[in-house]
Amino acid sequence: MTKQFRVLYKVTIIILAILAAMLIGSIILMTIGADVFKTYRVILFEPLKTTLQLTEVLIRAIPLTIIALGISVAYRSGIINIGGEGQMAMGILGTTAVALAFPELPKPILLPMAILAGAMAGGVWGFIPGILRAKLQVSELLSTVMLNYIAAQIYTFMLRGPFLDPAELTMGSGTPQSMRLSTGIWLNRFLKGTRLHTGIFFALFLALLIYLLLWKTNYGYKMRAAGASARAARYGGISVTWYLVIAMVISGAFAGMAGAIEIAGVHRRAIEGITGGYGFSGIVVALFGGLHPAGIIPASFFFGLLIVGADMTQRMVGVPANMVNVLQGVIILVIVATKMILADPYLMERVWRKYQGIGKKHVEVEA
Amino acid sequence: MELTQKKITNLRMEHITKRFPGVLASDDITLEISEGQILALVGENGAGKTTLMNILMGLYQPDEGRILINGEEVHFRSPNDAFAAGLGMVHQQYMLVANMTVLENIALGFKAAWSPYKLDLGMVRDRITEIAKKYGLVVDPDAYIWQLSVGEQQRVELVKTLCLGARFLILDEPTSALTPQETDELIVLLKNMSSELSIIFISHKLQEVKDLSDKITILRHGAVVFEGNTHEHSPSDIAALMTGHEVDLPLNEEPAPEGVPVLDIKNLNVKSDRGFLALKDLNLTISSGEIVGLAGVSGNGQRELAEAINGLRKVESGEIQFYGENIANKSPHHIIEAGMGYIPEERNTEGIVPSFSLKENLILKDTEHDEFSNHAFLKNKAIDKNAEDLRVKFDIRSPNISIAAGSLSGGNIQKVILAREISRRPKFLIAVYPIRGLDLGAAEFIHKQLLEIRREGIGILLISEELDEILDLSDRVAVIFKGQIQKVLDRKDANRRSLGILMAGVKDDQTV
Chain A
1 MTKQFRVLYK VTIIILAILA AMLIGSIILM TIGADVFKTY RVILFEPLKT
51 TLQLTEVLIR AIPLTIIALG ISVAYRSGII NIGGEGQMAM GILGTTAVAL
101 AFPELPKPIL LPMAILAGAM AGGVWGFIPG ILRAKLQVSE LLSTVMLNYI
151 AAQIYTFMLR GPFLDPAELT MGSGTPQSMR LSTGIWLNRF LKGTRLHTGI
201 FFALFLALLI YLLLWKTNYG YKMRAAGASA RAARYGGISV TWYLVIAMVI
251 SGAFAGMAGA IEIAGVHRRA IEGITGGYGF SGIVVALFGG LHPAGIIPAS
301 FFFGLLIVGA DMTQRMVGVP ANMVNVLQGV IILVIVATKM ILADPYLMER
351 VWRKYQGIGK KHVEVEA
Chain B
1 MELTQKKITN LRMEHITKRF PGVLASDDIT LEISEGQILA LVGENGAGKT
51 TLMNILMGLY QPDEGRILIN GEEVHFRSPN DAFAAGLGMV HQQYMLVANM
101 TVLENIALGF KAAWSPYKLD LGMVRDRITE IAKKYGLVVD PDAYIWQLSV
151 GEQQRVELVK TLCLGARFLI LDEPTSALTP QETDELIVLL KNMSSELSII
201 FISHKLQEVK DLSDKITILR HGAVVFEGNT HEHSPSDIAA LMTGHEVDLP
251 LNEEPAPEGV PVLDIKNLNV KSDRGFLALK DLNLTISSGE IVGLAGVSGN
301 GQRELAEAIN GLRKVESGEI QFYGENIANK SPHHIIEAGM GYIPEERNTE
351 GIVPSFSLKE NLILKDTEHD EFSNHAFLKN KAIDKNAEDL RVKFDIRSPN
401 ISIAAGSLSG GNIQKVILAR EISRRPKFLI AVYPIRGLDL GAAEFIHKQL
451 LEIRREGIGI LLISEELDEI LDLSDRVAVI FKGQIQKVLD RKDANRRSLG
501 ILMAGVKDDQ TV
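Each protein sequence line maps, in turn, to chains A and B.
Number 251 in full-length UniProt numbering belongs to position 251 of the first sequence; there are no gaps in the numbering.
Number 178 in full-length UniProt numbering belongs to position 178 of the second sequence; there are no gaps in the numbering.
Hints may contain errors.
Here are the simulated BS3-like pairs of lysine-lysine, each with C-alpha atoms no more than 30 Å apart in a straight line [stated by the list, open to error]:
| no. | chain 1 | residue 1 | chain 2 | residue 2 |
| --- | --- | --- | --- | --- |
| 1 | B | K134 | A | K3 |
| 2 | A | K339 | B | K111 |
| 3 | A | K3 | B | K385 |
| 4 | B | K330 | B | K487 |
| 5 | B | K314 | B | K280 |
| 6 | B | K393 | B | K266 |
| 7 | B | K379 | B | K393 |
| 8 | A | K135 | B | K385 |
| 9 | B | K381 | A | K216 |
| 10 | A | K135 | B | K379 |
| 11 | A | K10 | A | K216 |
| 12 | B | K266 | B | K134 |
| 13 | A | K135 | B | K487 |
According to the in silico footprint, chain B covers these stretches of chain A (three or more CB under 8 Å from chain B) [unchecked claim]:
| no. | segment |
| --- | --- |
| 14 | 9 to 16 |
| 15 | 34 to 46 |
| 16 | 136 to 144 |
| 17 | 227 to 233 |
In case anyone wonders, no lab produced these hints; they're calculated from the structure.
Quantities reported herein were computed from a predicted structural model and do not represent experimental measurements.
Yeah, the Cβ is synthetic: ideal placement off N, Cα and C, and Gly gets one too.
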């Protein structure tokens with residue numbers, strides 16, 4: 001089998017997978033009576049038409065990237081973190097608490113402190129399922145999901161109680177939210193007329209950091225070994241449970257930082273419902289990106305596109321934004337199927353023979 | 001391809017050639033087998049035996065050549081086609097669902113018993129009884145797979161293959177996981193079955209090739225180097241042909257060293273996975289520069305002993321003195337750093353991380369050391385160089401050092417483990433079944449390496465079921481039975497008979 005054929009084969013499979021996902025999506029869209037082509041066009045291309053829309057896509061991609069990076073660290077170390085949502089909420093609370101407590105501090109001190117507080121709060125929320133799994137063999141699928149609920153309740157409590165905006169008591173907009181945070185934690189919006197903030201550079205920096213951690217350091221080596229084969233790692237003197245806990249702390253800390261960046265860059269206050277499913281989409285982005293920073297960055301851009309596109313379809317075509325969640329689900333299923341197909345050497349072998357057969361016939365015809 | 005019930009009176013593979021990237025796996029191979037014959041397909045690891053059989057079973061397609069059954073050319077596009085033609089293969093790894101019964105496992109592939117809403121288990125049961133009677137293959141249809149020994153599971157695989165209509169059997173290393181008794185039983189069984197059908201079996205073991213086969217085909221580097229009738233050749237001729245040179249497994253003929261005790265195990269108690277005491281007050285002392293062979297039927301505490309010494313299993317009570325330090329219940333990391341080397345029993349799942357590359361596996365225990373890391377950052381150049389050096393020195397056959405270790409053959413994986421353990425310059429080495437399932441060439445290589453590090457003054461605990469291996473290498477032989485050391489013999493007092501009696505649990509003072 002030639003190398004060109006392998007590449008061609010993989011690219012073809014991926015293109016077919018995308019087409020299959022779109023086909024299934026269009027059936028669903030048809031059942032609700034939507035204009036299929038227009039919907040796709042709006043989702044995929046409309047957000048790219050103006051700078052403003054494009055920056056909105058990037059703004060969505062920032063927290064997605066950060067969360068997905070953390071999730072891939074956990075995944076690579078053999079633990080599945082479904083608790084990104086809760087960890088992000090806790091991160092927002094940590095950042096908000098620091099920003100509210102020290103509003104007077106200058107930016108160079110307050111901003112790192114606030115982000116660190118977010119990372120720590122998220123890290124603690126990741127540590128709990130990590131240590132439960134390491135010491136008591138509690139399934140992280142259970143504990144992370146349950147901790148999401150707990151975090152959501154704490155979040156609501158804090159926003160309606162201690163953190164509640166005093167203005168809210170008098171005016172009452174209906175959405176519980178904190179006071180506007182001190183400008184000391186605001187991230188710069190560097191593109192005039194848009195909300196695009198410097199968090200994007202932070203996300204790229206974190207992507208580089210994770211790449212270096214996982215593939216260039218001995219810590220990453222040990223985490224990946226623990227995830228790839230716990231038994232062999234233990235044999236090799238690697239404390240699998242220890243690295244499991246570390247990976248969960250990193251994963252939680254990243255979700256927490258995603259929350260910190262989101263409020264420091266976009267909302268500038270904690271609002272109810274702000275996490276908006278980023279914790280779950282982050283899992284899809286991580287898998288879609290092949291659990292590698294180089295894949296996660298484009299994958300989060302794509303999912304950011306879907307989110308913005310969904311808002312636009314609601315306005316322009318009248319297709320509810322929830323439909324995009326349905327499309328996400330379809331995409332997850334197609335990814336899983338595609339991975340199975342790509343991992344099947346026999347299928348590749350068979351296609352190769354067909355391909356050769358075609359090649360030969362062509363030669364004969366030409367001759 | 002339609003299902004036929006015709007007998008396979010003749011099967012012929014002609015000029016089979018198969019190329020993989022960088023490797024010629026099959027090079028113009030022709031072989032033929034007639035009704036009632038048993039063909040032994042032998043050759044070193046990586047000689048292309050399994051590839052050839054996978055081609056026959058339709059898992060791979062040959063690049064050139066053809067397959068003929070009863071003189072007619074056939075094309076197998078998938079294993080289902082080969083199946084329909086009456087070919088059945090029992091793989092090295094058994095394909096059974098552990099928490100289902102024998103009956104249910106066989107029913108899984110028994111298409112005739114399936115209808116849209118109902119599975120006719122009675123029909124499958126009848127078929128099993130019929131097959132069992134015909135071939136003398138006794139299985140309990142209602143036993144769960146997890147309750148069966150490896151030998152019994154293999155019998156289930158055979159029954160399954162036969163129930164599904166195989167009239168031509170391919171067995172890939174059928175005895176590699178069996179105990180000596182089970183092997184003998186299997187050989188008798190296959191011999192009887194050969195009156196009804198033809199068999200190709202892949203093997204490394206000379207003795208069974210000699211006992212069982214009518215014809216031998218020897219492969220080396222993907223090509224046939226010898227074919228002939230078994231009874232016309234002596235085992236040593238065949239062994240020489242298999243490796244390409246006269247096999248000469250090295251012997252430990254040097255005088256016993258005058259080392260000092262370095263590993264001193266006192267009153268060791270360790271539990272098995274199932275919670276009972278697998279080691280009961282075990283005592284054993286090993287000195288530097290000597291090889292102590294631990295003989296015994298597997299399941300008498302060997303695994304637990306190796307794991308306890310290496311910190312992978314909890315020690316209930318007792319001491320393990322290693323160079324003056326009690327390492328009982330210390331972490332595996334601590335014990336590795338103390339100088340312990342370990343070749344584990346499960347080479348594919350424990351000795352390597354299968355998805356990691358060859359070079360990564362070679363530094364599994366050393367990622368923290370300055371040799372391969374600089375302030376936590378891995379030194380890629382040093383890692384590459386280490387891998388290249390060891391690949392040459394230990395004759396690891398792989399296309400490059402970045403290939404996933406799990407994709408290597410068993411013998412090469414063992415060489416990877418050995419290369420890592422020896423190159424780390426341990427103070428002591430525990431080797432568990434170091435040559436199990438390996439061909440003679442690889443076994444010879446590994447034995448030579450063990451003897452060499454012995455000469456450097458390293459103590460070795462060699463755990464093996466193969467008495468020949470133990471007798472060849474050991475300075476002293478300890479016999480383990482039900483978690484205790486029965487007796488420790490000097491090499492001059494140890495022979496197959498004395499060890500056999502001790503392994504069976506009889507202390508010699510009670511018999512003679």
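Taking the numbered hints from earlier one at a time, note which ones the structure violates and give those numbers from smallest to largest.
1, 6, 8, 10, 12, 13, 14, 15, 16
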